[in-house]
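Letter by letter, the chains look like this.
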Amino acid sequence: MEKILSIFTNLFGNFTNITWQMVLMWAIGALLIYLAIKKEMEPTLLLPIGFGAILVNLPLSGAVTQYDETGNVLGEIGAIDRLYDMGIGNELFPLLLFIGIGAMIDFGPLLSNPKMMLFGAAAQFGIFFTFGLARIIGFDFANAASAAIIGAADGPTSIFVANELNASYSGAIIVAAYSYMALVPIIQPPVIKALTTKKERAIKMPYNPTNVSKSVRIAFPIFVTLIAGLISNQSVSLVGFLMFGNLIRECGVLEGLSQTAQKELANLITIVLGLAVSTTMQADKFVTVETFLILALGLFAFIFDTAGGVLFGKFINLFTKNKINPMVGAAGISAFPMSSRVVHKMGLKEDPTNHLLMHAAAANVSGQIASVIAGGLILKLVSPLIG
Amino acid sequence: MKFLSSFLHIANKSTNYEFKFDPATLGQSLEIMLQGMLGIFIAIGMIMLVIYIFGLFTKNKKK
Numbered sequence: 002m003e004k005i006l007s008i009f010t011n012l013f014g015n016f017t018n019i020t021w022q023m024v025l026m027w028a029i030g031a032l033l034i035y036l037a038i039k040k041e042m043e044p045t046l047l048l049p050i051g052f053g054a055i056l057v058n059l060p061l062s063g064a065v066t067q068y069d070e071t072g073n074v075l076g077e078i079g080a081i082d083r084l085y086d087m088g089i090g091n092e093l094f095p096l097l098l099f100i101g102i103g104a105m106i107d108f109g110p111l112l113s114n115p116k117m118m119l120f121g122a123a124a125q126f127g128i129f130f131t132f133g134l135a136r137i138i139g140f141d142f143a144n145a146a147s148a149a150i151i152g153a154a155d156g157p158t159s160i161f162v163a164n165e166l167n168a169s170y171s172g173a174i175i176v177a178a179y180s181y182m183a184l185v186p187i188i189q190p191p192v193i194k195a196l197t198t199k200k201e202r203a204i205k206m207p208y209n210p211t212n213v214s215k216s217v218r219i220a221f222p223i224f225v226t227l228i229a230g231l232i233s234n235q236s237v238s239l240v241g242f243l244m245f246g247n248l249i250r251e252c253g254v255l256e257g258l259s260q261t262a263q264k265e266l267a268n269l270i271t272i273v274l275g276l277a278v279s280t281t282m283q284a285d286k287f288v289t290v291e292t293f294l295i296l297a298l299g300l301f302a303f304i305f306d307t308a309g310g311v312l313f314g315k316f317i318n319l320f321t322k323n324k325i326n327p328m329v330g331a332a333g334i335s336a337f338p339m340s341s342r343v344v345h346k347m348g349l350k351e352d353p354t355n356h357l358l359m360h361a362a363a364a365n366v367s368g369q370i371a372s373v374i375a376g377g378l379i380l381k382l383v384s385p386l387i388g
Numbered sequence: 002m003k004f005l006s007s008f009l010h011i012a013n014k015s016t017n018y019e020f021k022f023d024p025a026t027l028g029q030s031l032e033i034m035l036q037g038m039l040g041i042f043i044a045i046g047m048i049m050l051v052i053y054i055f056g057l058f059t060k061n062k063k064k
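Chains Z and D, in that order, are what the protein sequence lines are.
Per the numbering used here, the very first residue in the first sequence carries number 2; after that it's consecutive.
Per the numbering used here, the very first residue in the second sequence carries number 2; after that it's consecutive.
If you only want the chain D side, here are some residues facing chain Z, beta carbon under 7 Å, derived:
(1) Met34
(2) Ile41
(3) Met47
(4) Met49
(5) Val51
Hints are computed from structural coordinates only; laboratory data are not their basis.
Ideal Cβ positions, reconstructed from N, Cα and C, are used throughout, including at glycine.
Please put together the full structure from these sequences, using the hints given.
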């Protein structure tokens, strides 16, 4: 009988190490997997992050490094911690992913109508607004800036900035950045509706694309790197990798590399990035009041980004003859292509003949560039203030 | 029991972050906001300008 009990204890002893925080993290992991599969919300990221959240929250999980009470490592370094150190701790994965993203983006609609770039700039307002808010409620410079950058609506930029500033809540920041990107169709419409009239939402914008020469398409990533790098030097690796990906796409002689960057490279990095991120979701670090505050701040950043873009559209309309549909401003956030689709659908809802997709897409890809510049500026402005 | 003890532990846990309302930070935050937004608009404006000029240049060359 004793022998049986001993075997039973050996096999099931780990059950007694389960804590309620771990169970909560399993539920969060399951929710992320549900959203990824059932609602198809950013499945490429939410699914690995969700599964990883379960994996790292098993008691004494071998996937992450275990420590004794004095902080010494017990056994081996966990595989997920190794992935984190290899790719996120040194910012390699977000940068490599940016090559893939750059190769995927067609800047044609933006180059055809460059003034739409201004909306990308305006829609970064939420980042700086949230920074001020986070400081007021007691976050230090590094954590306030890292929480605010969730408003960049850009996962790799959020990871990069949080790491550079050595933020204490990088798990919450990364999860918020990706989750809110997936929730753009839910977050943006009420904000847009609250700030616009029915008449404004129905404004039609004729689309007259001009031919963009190949030279302009090739020169664009080089100019962007030069200018953004000079003004916001700390974002030069982010913007440089993004634009390098785009140059591969546009040069016309590296089709194989372009396809690899868009598919194999982006897919591979996405798989390991999602899993590696999950190490920051260990219950003892994640289930805190601060996590919920970070999630709330991230939501504020998204809301005020949207508001910044819409209000800028209304402001421009005060001076122009050809009115701009202010909803297009909301697409100035970096969440591509979700945000432009949301604006397009809202335009069609007001008037079935109102097609805003190409204008919104132009603002949306501009947001991709502007968010990277904003990340670099946040680093540039906040880093000197950190003691 | 483990569940209960860990719940009590987190409820009593002291963290580095302390909630406080500190409006004195507002001035500095506004300055950063101003510099940040100005920086973005300048960078984007310069990119727009260069692309516009380059576009004109390549168009003229074709003619």
